[in-house]
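Keeping the supplied structure of chain A fixed, place chain B with the ligand upon it in accordance with the hints.
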Amino acid sequence: MSDAAKQEGQILGGYLVPNKPHALLAPDKSPGWRSLRDSYDKVREQIEASDADLLILFSTRWVSIIGHQIQADPAPEYWVVDEDFHELGTMHYKLRMDAEFAETYRQCASVRGLHARTVAYHGFPIDVGSVAALQLLNPDNRIPACIVSCNVYSDRAETLVLGKAALDAVKKSGRKAIVVGVSALSNRMFTEFIDPAEDHIHSLKDDEWNRKLLELLEAGRLEDVSQLSREFSRQANGDSKLKAIWWMAAAMGQDNDYQGTVFDYQAVWGTGAALVGLVPSPGAGGGLEYDEDDSNYFHGDRNVIATAANTNKVDDSS
Amino acid sequence: MRGCLAPHPPHLAYASNPPQNEPKSSGAGAWTELLDGYKSLRKSLDQGEYDVIIVHTPHWKTHRGHHLLGVEHFEGLSVDPIFPNLFRFQFDLDVDVELAEAIHAEGEKQGLVMGMMRNPEFRVDYGTITSCYLARPDSKLPIVSISSARSYFDYSNEVGEREMLALGEATRIAVEKTGRRALLLASCSLSHRHFTEEPADPEDPKFEYIYNANQAKWDRHILDLIEGGRNRQILDEMPDFIEQAVSECKDGSLTWLLGAMGVPELPGKVHGYGTVIGTGNAVVEWRLDEQAVQA
Ligand SMILES: [Fe+2]
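Going line by line, the protein sequences match chains A and B.
Just so we're aligned, residue 17 is where the first sequence starts under this note's numbering, counting upward by one.
Just so we're aligned, residue 134 is where the second sequence starts under this note's numbering, counting upward by one.
Bound conformation, chain B alone:
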């Protein structure tokens, strides 16, 4: 198992100019730290072997528990409802339904409300599509996509955290039981207050900086904890981080990832950190498979 924090700003897919994406970028130079970070992550991931990518996405929001894609294949056009000027992407994804069902079953055992999504016309969210593309652009691996239950919003950050740790645990058990070699992607930003305006050229680097110093400080602090292997402390501080830095971790992805990895005392490799419309984003990798080899 290998785990990554793999944020999904569609801007990064746009700036990469893949043939799948209809809008073409200007190349004006914004987001280079993150694009380089993803490049470095991809190189590192090339050294591992995987059967499946499991992604937890903030952009599939469900109030009735945690849902998983339960249809074997999806393809089509994904237009981002928020940034349609940047992301109109042809996608083609296979789903590891057997593993999804195993996670569903293990989640129920943990006491979570779980749901399988069986509608073949469902529009796969752009968080899933973008994170999978950025981490493994040429991948033909099947995926599992897990929705973001609204527990943090409907109850409290503490309730959300407990649910995500349980969902992570359920994911780990299902991966082990099915014998998969899994690449886990937590598809979220760190600090997450956006600017609400966009320059004429969205890629103009002049307009790209962190929303405020508070967000920058919190992000730096979280990155220090990651690099120090202090993942337990991240969880301890998560409810405060979420509130004070308006973090997208409120959608649960990072906590799910840490839970799935068993909250290891393992430093994460930060491949890159940068801002997108004022939000803080980090590309991080935890090489659990190497830790296992060394042990």
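Okay, chain A solo, but in the shape it has when bound:
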């Protein structure tokens, strides 16, 4: 192997983890949350056994409007309280971010046409989904992390480009990375105060769709799940259109060649909370079924409202 090939980074695997902090803050209030907490330990052990030197998180709980924000404070230390579940207590955090990688990711996103920026501000409220994931999966900050936001307006094409930019940045930086999608499956919550011990998936329909998705993920068919995301979200109140899955699938190479493990599937206040692992396993997934368009560059959205003349101008220049 040449030196250049040796130095090129790679994505070692990916995990999907819940978007709520209940397993961290109150595991013993509900058998399901306890189960999740124990399963987080198994995922943590698997990550510890890998030789990953970077965790890249895409969190549906960090919403952005101006493009895509990438956390670049090397040692963020503050606290956060879940805006809905404030009674569960405060999450004090002290994390470790790979600021150099964050800048590389920003550059790679920009090359692909995305509006992206790094943020590094004292007191910045890191989202509860990311804090819970990092505290449970990487409690001593052994592996530095990077977190990218979920733009409220981005759809599939833009999110795929953001995922591809993550892979570009990993390769360029020579990191051995694990990607983490912080997201619920079905995201319909109970809209009143329930007894946590009786928590369950909000509806049978949501539950059935969650199980169908998990069946595919267990078979390693990440790209198929990515292409099913729109329908899933329509049918089962998917969390943020399942952008986390789009991002993960794009970052991991848009195929079905993974060994999938469903570590757990439980309800958190009615939502589908799953812990899933995907490790590249060439040849595992068989043929691909490309139904949806695939995008490599993003061309912005100001053009949507441009006049015909302006649109032509933009086209001419590209």
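Treat the hints as calculated values from the structure; they're not laboratory data.
Worth double-checking, as some hints may not be accurate.
What the hints assert, rightly or not - For lysine to any residue, the following SDA-like pairs were computed, each having C-alpha atoms within a straight-line distance of at most 25 angstroms:
1) B:Lys339 with A:Ile82
2) B:Lys157 with A:Pro90
3) A:Lys110 with B:Pro253
4) A:Lys45 with B:Val246
5) B:Lys157 with A:Phe140
6) B:Lys157 with A:Thr134
7) B:Lys310 with B:Gly395
8) A:Lys110 with B:Glu155
9) A:Lys110 with B:Val212
10) A:Lys257 with B:Ser289
11) A:Lys228 with A:Lys192
12) A:Lys221 with B:Pro253
13) A:Lys257 with B:Pro372
14) B:Lys339 with A:Phe101
15) B:Lys194 with A:Phe101
16) A:Lys45 with B:Pro253
17) A:Lys257 with B:Ile215
18) A:Lys110 with B:Phe224
19) B:Lys194 with A:Leu41
20) B:Lys339 with A:Tyr169
21) A:Lys45 with B:Lys157
22) A:Lys228 with B:Asp287
23) A:Lys45 with B:Glu254
Source: prediction; values computed, not measured.
Only chain B with the ligand this time, still in chain A's reference frame:
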């Protein structure tokens, strides 16, 4: 009681350059209509007397009903997770917990799911902080902050509207029972599709215009209804406005305000209208206290 539509773009706090906010603006000139609108609102509000500011905020989102701050004092640093480049603000707020609890109780009587937020480390949302600052920058008045329940999103616009009118009614009854003179702030924009890019200088006025003509038309229409005192018609059209103009009224603040004021046939004074990253924002005041004096 006096009611205001008092939108919370952190850009306006940023452009005002208060000592509390760490980033300093360039003064390049964007958002002047809104900054002038707030100036005019503040002048008008100076003529009233208040015991408390009650704010309904879109940026404290709760799925389990309507929550209220239930801790007497909050202070600290508020960094906007969406515009951290513009808003890193030192705040210091007292809460009228007695009134908050009264609204909580009245809300439950209306059949609403209500919650009190008792965690002293809670990070007060920047919608509350910004609207209170812009409307009454030197105020030492206690506040009540009400979260935005997700009823519009979890059920439908119609369900959300009914809940917000009931929450408004609960607010009004609680204000009356506790004998407070209240200033009500609905902390939301009108049309609300944003641009997803920002120029190098976020305050560069060249880049500041309405996202599209549809948003402009809807906003103008709503402002006409406000100025005509046709508040009932605003409610009739609200579900359509929300969908067609991607309005931030989907977070319920304006309907709550109209409900709290008893949906008066009283024209609102529009102090200013302008755009922030493509969204439409109006600063509006309904002087219910003057109507009461004249009656
Ligand atoms: Fe807002």
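Would you list, in rising numerical order, the hints stated earlier that this structure does not obey?
-> 11, 12, 14 and 21
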